[in-house]
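**Student:** Starting from the structure of chain F, add chain W where the hints point.
Those sequence lines, one after another, are chains F and W.
Position 77 of the first sequence, counting from 1, maps to 77 under the working numbering, and the rest follow consecutively.
Position 84 of the second sequence, counting from 1, maps to 84 under the working numbering, and the rest follow consecutively.
To be clear, the hints were calculated from the coordinates, so they are not data collected in a lab.
Derived list of chain W stretches under chain F, where covered just means 3 residues or more per stretch with a C-beta under 8 Å from a C-beta of chain F:
1. 5–11
2. 52–66
3. 70–79
4. 83–90
Among chain W residues calculated to face chain F with C-beta under 8 Å, some are:
5. Met-14
6. Leu-15
7. Glu-101
8. Phe-102
Note that CB positions come from ideal geometry on N, CA and C, so glycine has one too.
Each chain, written out:
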Amino acid sequence: MKPNRVFYGALCLLTLLLSARAVADGQVVDRVYHPYVLANEHRLEWRFMSRQTSEENYLAQRVGFGHSVNENWILELYLIGERDEQGNFGLEAYELEARWMMTEQGQYWADWGMVFEVEKRHGQNQWEVASGLVMEKEFDRNSLTLNWFMIYEWGENIHDELESEFRVQYRYRWMPQVQPSIEFYSGENYIGLGPALMGLQRFDGQKQLKWELGFITELSNIGKDHTLRFVLEYEF
Amino acid sequence: MTKPKAAAVIYILMLFACLMSHTARAALPEYTLILKNHLFYPQVVDVPAGKKVRLVIENQDAEPEEFDSFDLNREKVLFPGRRTVIYVGPLEPGIYDFFGEFHPNQAKGQIRAVTEGQPDVD
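The following block holds chain F by itself, in its conformation from the complex (with noise of 0.2 Å):
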């Protein structure tokens, strides 16, 4: 390995541990990012998450719509579900995704990619940016995947502020059905662990179905947190 790369593999494993307990009060569990876009590929996405704490659950389930529009960019747009303080379900956000993939997997050291996400709350004027760093590096059988987000919201109602997310993923590739993993997640007040599954089936040409499964428990409180997840993905 050249020493360049040394330096730069430190420099970005230094700055991602340091930002591991930054600011964040939203929901800090959610789908860890691969940095990898396959072109001429449409999805649909359905995400699903439930966050039992010892006085509430807390719901929030998500579908969205995918289309790359070229070999490394990707656009997703989403409708955001969720249950209010009175337990009614409902619609809550929209949100516009693009996943940009950096680099050719396997080319580099490490592969590279960015996720850009524009939110908007559901009749009212509350926004939310986010950029999201996707770094994810192959050993063997294995694949370790970080995310970090920097995010900016603002509006009427809430305090305009910058919050960053950093979640972590070790994978093992067992078999496309089923490659079991451990997830890491942190934010301000909230750092969680747990294991997840993934896996995919093919189907005929481009189509198939992916999914993810995972159970976070959050460390740092010693109250009840647990987060379930799961995301199923159809690809065509």
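**Tutor:** Leaving out everything else, chain W in the frame of chain F:
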């Protein structure tokens, strides 16, 4: 400087550092495959174990194909009339299957990662 602002500065520095670290490009061993009539030629490619290599696949068919390999952890669209580069490895000695998703029964092949002087990976 507040902690979020400091994090933002570090974030930008890290992004810059990561982009800079990718400017150098080392020469890699290159292996060329042809996709014609939904068949890969050659169907078996020997590459050195423990080294990263470039697979250059030329799709001579009139329609796209999708290179897919769980063993190699690669998935890439092969556009018609184009040469597509796929970076593979470093690989442990062994056999790694790949196929074309649109013609999985025809477009099949193997990468054999072999140690120098020990061509038998079975």
